[in-house]
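**Student:** So the protein lines, in turn, are chains W and R. If you read the first sequence in this note's numbering, its first letter stands for residue 1, the second for the next number, and so on. If you read the second sequence in this note's numbering, its first letter stands for residue 1, the second for the next number, and so on.
Just so you know, the hints here were simulated from the structure itself, not pulled from any lab data. Each residue gets a CB set at the ideal place from its N, CA and C atoms; glycine is no exception. You may find that some hints are simply not true.
What the hints assert, rightly or not - Straight line, CA to CA, 25 Å or less: simulated BS3-like cross-link-like pairs of lysine-lysine: (1) Lys120/W to Lys90/R; (2) Lys90/R to Lys239/W; (3) Lys91/W to Lys235/R.
What the hints assert, rightly or not - Calculated Cβ distances over 10 Å to all of chain W for the following chain R residues: (4) Thr58; (5) Tyr71; (6) Met168.
Read off the chains here:
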Amino acid sequence: MVFLEFEKPLESLYQQLDKIRQVGEVGDIDVSDKIAELENKIKNERKAIYDNLTGWQKVQLSRHPERPYSLFYINQMSKKFIELHGDRYFKDDKAIVGGIGNLDGQSVVFIGHQKGVNTKMRQFRNFGMANPEGYRKALRLMKLAERFNLPVISLIDTPGAFPGLEAEERGQAEAIARNLFEMAQLRVPIVCAVIGEGASGGAIGIGLGDQVFMMENTWYSVISPESCSSILWRSWDYKEQAADALKLTADHMLEFKLIDGIVKEPPGGAHSAPEEAVKMLKKQLKKSIAELQEMDPDARIEARIHKYSQMGHYDLMKKKAIVETKSTE
Amino acid sequence: MGWFKRLKDGIITSTKDKKEAPDGLWYKCGKCKETSTQKDVVENFYKCPKCNYHIRLTSAQYFEVIFDGKYETLFDDLISKDILGFTDLKSYPDRLEAARKKTDLTDAMTVGHGKVNRKPLVIAAMDFTFIGGSMGSVMGEKIAKSIDFCRENKIPLMIISKSGGARMMESAFSLMQMAKTSAKLSQLAKEGVPYFSFMTDPTTGGVTASFAMLGDINFSEPEALIGFAGPRVIKETIKQELPEGFQTSEFLLEHGFLDFIVDRKDLKERIGDLLAMF
């Protein structure tokens, strides 16, 4: 098990638990009382820690090396899943995966960012940072879904779109923009879920949908806390403050009405019981798809665009008032 | 004793009596370092008369260059709000206040409605001097409202981009403006109303990755920086020097993302031609 910095109290409890078990085995002593007591302690400690996570701690959790990624969710949710590759223009991006699957009898098209599970795979997946061909593959699959009237499920988990030289040459910006434009008018239901990191344009490039969810320990923001710290504080050391200032947790996002709901995770986060996490997400996705399929496509598109049109906060002010403020300088 | 001998040491003119050359009489080009008179620069469409460098313009200056004389501004009453209570080294309200004082603008976008060669056009133009032309809720809403205005009145829309990208101080609200503006543009497209995207120096980040790249016609001024990630970030990622001309308008034209590049002296005429043909 990998313990994050703020989980250290748990680590020592787990170590004690191991020791007691060993003692029990070696000495042939009944330690079940002790074990139950410790397990209870762990449960309470975990709850205490997880009920009061800061923004930055949620960011750390969203990047937990044992956290389930898109293909895990997809393969667990879908009895059969046929992965489909390539954007038909340039190549197959490894940081975005997609294909046709099945949710208890309902065929769906899955797309999602994919991170690697070990050092070698992390490089192979480019750390979940997609190139333009990744966004174009996703769009191709969404168009496929539209043609055959299949709902689209999009799983978001990226530290950002890849900022590379070739990505610029092939039009990273255009690829993301095109997806937003097309997703707004797609005639089938789109349900999105942030399952890890939701960083900026790279996330929203496959993230415009009728219903958008965030799992409990994930984040969604215009910029990562580290980059925000380096730009606004001119130092990498203010990531905790930046994470707080950006209000990037699922709770904040729901409060701002920028997402449609939060999907709970098992106690201790998705990585502590991945199968449980899959069940919880699957339940929500099935519910959302059933709801959205009830709607007429035109009405669904209108509601989708209306939802995004409402996003934004501003004041109304008479121009004169500003001129007056200016004259007092 | 020579006639040129200095009789009194030091600066003896009092500040009150000092005769200053009025500000803005001379222009020193940031690119070729040559000096020209401000009058020549203005007559040359705000370009350096020596090297043709296109000086960064304000929204008002673009309106002056493009519209036939008078125009009205739309949606001026929208102003930014600090919904998150965002504070970094400065608080967001302080940054907004400072930007308002500095620019005499209410936000980084102004929308103008006027005529170009007697054809109506709505231009939503950005001001880089207002927090780097950054896109927050106000810019998104001004674009959305402009799109609705254009749909209703069947008037073509032009957006002049000049921005560092999304405004960090509005976090996810800024991010969602990418979705909002792109979704609204899809409605404009359905209506068959033309949208011209004019990218100027610089156009980067979330602005490029949403409405700026979605024009029916995408065009730009010469040598403008246009890209998704900023050059510094890319350099740090790939750990090598960037090729010359990387992310310039010429680079984008070559890679197929721009329809054409237009010199500012031909800008009005080109827009007029487009309006006549659509």
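**Student:** Need the status of pair Lys90/R, Lys239/W: alpha-carbon distance at most 25 Å?
**Tutor:** Holds, at about 16 Å.
**Student:** Taking only the CA atoms, is the gap from Lys120/W to Lys90/R under or equal to 25 Å?
**Tutor:** Outside the cut-off at roughly 42 Å; violated.
**Student:** Given the proposed pairing of Lys91/W with Lys235/R, does the C-alpha separation stay at or below 25 Å?
**Tutor:** Roughly 24 Å separates the two Cα atoms, so the pair holds.
**Student:** Are all C-beta atoms of chain W more than 10 Å from that of Thr58/R?
**Tutor:** Nearest chain W Cβ is 16 Å from Thr58/R, so the label holds.
**Student:** Taking the closest pair, is the beta carbon of Tyr71/R still more than 10 Å from chain W?
**Tutor:** holds, 16 Å
**Student:** Would the least Cβ to Cβ distance between Met168/R and chain W come out above 10 Å?
**Tutor:** violated, 6 Å
When the structure is compared with the earlier hints, violations turn up for hints 1 and 6 and for no others.
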